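A.B. asks: Residue strings, one per chain:
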Amino acid sequence: MREAGGRAQMEDRAIISVRNLVKHFPIETGFLRRQVGVVKAVEDVNFDLNEGETLALVGESGCGKTTTSHCIIQAQRPTSGRVLFRIGDAAPMDLTQMEKAELKEARRNIRMIYQDPYSSLNPRMTLLQIIGEPLVIHKMAGSQEALREKVAELLRLVRLDPSTMNRYPHAFSGGQRQRIAIARALSLSPKVVIADEAVSALDVSVQAQILNLLKELQNQLGLTYLFVAHNLAVVKYEADRVAVMYAGKIVEIGETEELYTNPRHPYTEALISAAPNPDPDTKNRARIVLAGEVADPGNLPPGCAFHPRCRYAEDRCRREIPELVEVGGEMGPSHRAACHFASELELAGISGGAEEPEREQA
Amino acid sequence: MLIYILRRVIVMIPVTILISVIGFIIIQAPPGDFVSSYIAGLEAQGDIIEPELIDSLRARYGLGEPIYVQYWRWVSNFVEGDLGYSMIYREPVVDIIAQRLPSSFTISLLSLILVFVIGIPIGVLSATKQYSLADYTFTVIGFLGVATPNFLLALVGLWLLFSWTGTVSIGLYSPEMQNAPFGLAKFLDLLSHIWLPALIVGTAGTAELIRTMRANLLDELPKQYVTVARARGVKPTKLLYKYPLRIAINPVISTVGWLLPVLVEGEVLVSLVLGLPTIAPVLLDSLLQQDMFLATSIIMILGILTLVGTLLSDILLAIVDPRIRGAV
Amino acid sequence: MTAAQTGEREATAPPGGDAAADPLLSVRNLQTHFFSREGVVKAVDGVSFDIKPGEILGIAGESGCGKSVTSQSILRILPRNGKIVGGEILFDNGESSVDLAAEEADGRVLRDIRGKEIAMIFQEPMTSFSPVHTIGDQIIETIRIHQDVSKEEAHEQAVEMLRRVGMPNPARNIEEYTFNLSGGMRQRAMVALSLSCRPKLLIADEPTTAVDVTIQAQMLELLRDIQADLGMAIIMITHDLGVIAELTDRVMIMYLGKEVEHGTVEDVFHRPQHPYTRGLLASIPKMEPGRVEIEPIEGVVPSPYAMPTGCKFHTRCPDYIAGVCEKQDPPLTAVGPGHEVSCYLYGGREELE
Chain A
-3 MREAGGRAQM EDRAIISVRN LVKHFPIETG FLRRQVGVVK AVEDVNFDLN EGETLALVGE
57 SGCGKTTTSH CIIQAQRPTS GRVLFRIGDA APMDLTQMEK AELKEARRNI RMIYQDPYSS
117 LNPRMTLLQI IGEPLVIHKM AGSQEALREK VAELLRLVRL DPSTMNRYPH AFSGGQRQRI
177 AIARALSLSP KVVIADEAVS ALDVSVQAQI LNLLKELQNQ LGLTYLFVAH NLAVVKYEAD
237 RVAVMYAGKI VEIGETEELY TNPRHPYTEA LISAAPNPDP DTKNRARIVL AGEVADPGNL
297 PPGCAFHPRC RYAEDRCRRE IPELVEVGGE MGPSHRAACH FASELELAGI SGGAEEPERE
357 QA
Chain G
2 MLIYILRRVI VMIPVTILIS VIGFIIIQAP PGDFVSSYIA GLEAQGDIIE PELIDSLRAR
62 YGLGEPIYVQ YWRWVSNFVE GDLGYSMIYR EPVVDIIAQR LPSSFTISLL SLILVFVIGI
122 PIGVLSATKQ YSLADYTFTV IGFLGVATPN FLLALVGLWL LFSWTGTVSI GLYSPEMQNA
182 PFGLAKFLDL LSHIWLPALI VGTAGTAELI RTMRANLLDE LPKQYVTVAR ARGVKPTKLL
242 YKYPLRIAIN PVISTVGWLL PVLVEGEVLV SLVLGLPTIA PVLLDSLLQQ DMFLATSIIM
302 ILGILTLVGT LLSDILLAIV DPRIRGAV
Chain F
7 MTAAQTGERE ATAPPGGDAA ADPLLSVRNL QTHFFSREGV VKAVDGVSFD IKPGEILGIA
67 GESGCGKSVT SQSILRILPR NGKIVGGEIL FDNGESSVDL AAEEADGRVL RDIRGKEIAM
127 IFQEPMTSFS PVHTIGDQII ETIRIHQDVS KEEAHEQAVE MLRRVGMPNP ARNIEEYTFN
187 LSGGMRQRAM VALSLSCRPK LLIADEPTTA VDVTIQAQML ELLRDIQADL GMAIIMITHD
247 LGVIAELTDR VMIMYLGKEV EHGTVEDVFH RPQHPYTRGL LASIPKMEPG RVEIEPIEGV
307 VPSPYAMPTG CKFHTRCPDY IAGVCEKQDP PLTAVGPGHE VSCYLYGGRE ELE
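Residue numbers (our numbering), protein chains in the order written: chain A, -3 to 358; chain G, 2 to 329; chain F, 7 to 359.
There may be inaccurate statements among the hints.
[Unchecked claim] The calculated lysine to aspartate or glutamate pairs, modelled on EDC-like cross-linking and capped at a C-alpha distance of 16 Å, are: (1) LYS236/G to GLU110/F; (2) LYS243/G to ASP190/G; (3) LYS211/A to GLU301/F; (4) LYS211/A to GLU299/F; (5) LYS236/G to ASP118/F.
I should point out that these hints are in silico values taken from the structure, not numbers from a laboratory. Keep in mind it's a predicted model, so treat the numbers as computed, not measured.
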């Protein structure tokens, strides 16, 4: 196993540290496959995932949140940057520098759950085979009897009846299938679970079941979650900290309550404002309706990528790319934003904010 | 669009060269050069060959010179229309092809038209009336069509025709018309003979097309834009032909190009059974008897026709489908 | 349609609906079933509601509740194996009332109403347009099906409608194909297509489900603006109660083909009565400061082939009354003005023997 320098590179509480992560995809054209450009899917992303916490990556489609998660488990190899992973007191390893064979242990400890419980489960395998498969692959199953015992235990863990283990996924509803996917992800007793839009396809009543189940499992097993999602209300409920991504970059990161009530980036403010709230009293509230669409990561605007849609943009925003800097107080927990005017703007959060923003026409 | 066509034509050049190299290798494949085997063939029949003829033949094809010179000679001769000399027919290859290719072409073209005229409506019917009696019937007929060998169909066709009309239809013309000058009467005579081979040659293609059309249309019909059009008040007939049919037919257009060689291939046994003067039996003969100039020339011509056909169908596809037009 | 008629409608139909007006559409005891080899699915099983001119009605519920089938029944664009087996869909076409349920599905009457009187927008703007025709082609086609106008006039009307929905360059956009447009522009084009003949009723079936939140906000704003502008009634079908709360005047909540509760959004969201409505509202994470717990509804939605007897929700209901709820469908009971609930907690038990 390759070591990635000393402990100094990782925060004390971090289990995964992402450093200067970059993922570019070439744009090719013609039958000669000439490269004509590059899609900057992830551009210089930094964050720490602390042990036992839930960190959410939120943003709209194409913001790079899923690519980031894929680069962490090395399902996609990053263009540059480091992904440091540490188990217990062992020295951190840089996953980006490891060969496939060396990644086995890391992959055993970082598992993924995907959005679509219909396509992520092989319809021709029984629950026993689906959930037991990782155990067999990693040779942790022992006898067939031990495997059945382990699978039964996992099914109980996700509140499914162990007697169903010989049935096939089609016999289960969407929510139950997501439980099966969770059981499979937990079969190797991982430290970290990356949930990529894991509840997005579910009906609200079932979504609530899965959200609560994930929380219970976290408390019970001491799991760390990276929660990739686009639904801000769900993230608010599930995450301890939130990183908001736009056009391949983190534009704001901080503790959930703080970020929602006191956003420091205009994009976060707009996202919060746009999220529909199931309360008719807020029907006539002023909303920020962003004009235009998400920046094209293959053709980013100069300066701050958000400036064409930003109602506060000034000349500087069109020229200079803002750094992600600390905007929280010196005493409180870290709250960082990538906006030139983060400390000057009065932005509205979910409490209503300092003043009602004017309704902006698209 | 012009750039697209130009690019496609440029891509065709190396492919054509590749085909010619393969053709040349086929010519070179038999032991000895072809002049020796030609002479051997003649001598075996008791003919006496003038040494001057041998020399002139050897000089014309550059035999004895390095292999690339021979290839170049052959290619330049080919381009100039000198396709070599056929051993078995004792005629210049170009003459044989000139006699045979038109009838092959006529049968293939007619088959193609029949394939479309029969296949598309039935495919559409099968898709719109999915799981109906008609659908099941055509599905069964379709499978039979794909599974039945053409020569068997030809034999059955002959037999049926004989039991109904009492005559045996062999060839493309009635005996009295065989040598008549081409005119309306001869054309009508041709039509009365050609439909059977065209139908038989096209059977497999028709069956295939029915299945393709049915599947494509079944893919398109439940799509949302069809429902949306219906919700806008578009008439049921227009709902079928304006939108889904047009999209379902695109893959069919793209197959036109390579249908030609398939049809020629399909003609071989049918032509043998029905005694048709097409190119297919010649190809078979030439391959069996190692008449390499003849075989290679036919393969070359079919290859080039396929390339041109593919180009044409791609252009056609780009015209009807803006998505492809946008991408080119 | 002449400008005078349009103007009249706008004048008589203020946003929010006219309480005294006769309903534009009146659905009575609608039953739509699907027939397949596995059995019969009662996708919609006795649903009734009214919508008045200019009103925005929401129909909400989770997957399988029958909300989309209800909308497909109105326009009679059900899939082949779906059939209306009972009930009436009375549409006021200005002169008389037509029962859409009794008409031939693709007949003259329905075709004249579709796109002209009642229009529909769907979930995916990309697939709402034929990929091989320009958006203008399809908008102009709709206009010319329903109005006796020249190609040029139709073209002009189409450009005007594209401008109204906020397309940046209508004269050019009309020549474009959907694959050339961005997601937000496709949404707008789809709205323009459905509104091209200025329908009296717009049915929107999950129009914001597949889009990002900022695009969703644009879409909701567009619908609000265009409704204020053209004054049509809207039926908004969605699983997203946030969208319902933001847009609609009244809401009907459905569960397994049945109407469980309906009323004004304020009544239903602030004073939910049916245990399912309450459960649904409790299971949505809120965008409010502080820690707000969510409470899921226990259990799973029953299979459509094995529907529970009696109240369809009784298998998951926290207030289940043994010996009552599984016996018969609870009747709709008024719990306030215009607020009705189908639950034995609020009445109807006396009628059970």
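A.B. asks: For the pair supplied as a hint, LYS211/A and GLU301/F, is the alpha-carbon distance within the 16 Å limit?
C.D. replies: Status holds; Cα separation ~13 Å.
A.B. asks: Within a Cα-Cα threshold of 16 Å, do LYS236/G and GLU110/F meet the stated pairing?
C.D. replies: holds (13 Å)
A.B. asks: Are the Cα atoms of LYS211/A and GLU299/F separated by 16 Å or less?
C.D. replies: Within the cut-off at roughly 12 Å; holds.
A.B. asks: Given the hinted pair LYS243/G and ASP190/G, is their alpha-carbon gap at most 16 Å?
C.D. replies: violated (39 Å)
A.B. asks: So if I understand the rule, the pair passes when the alpha-carbon distance is 16 Å or less; does LYS236/G with ASP118/F pass?
C.D. replies: holds (10 Å)
Consistency note: the structure conflicts with earlier hint 2 alone.
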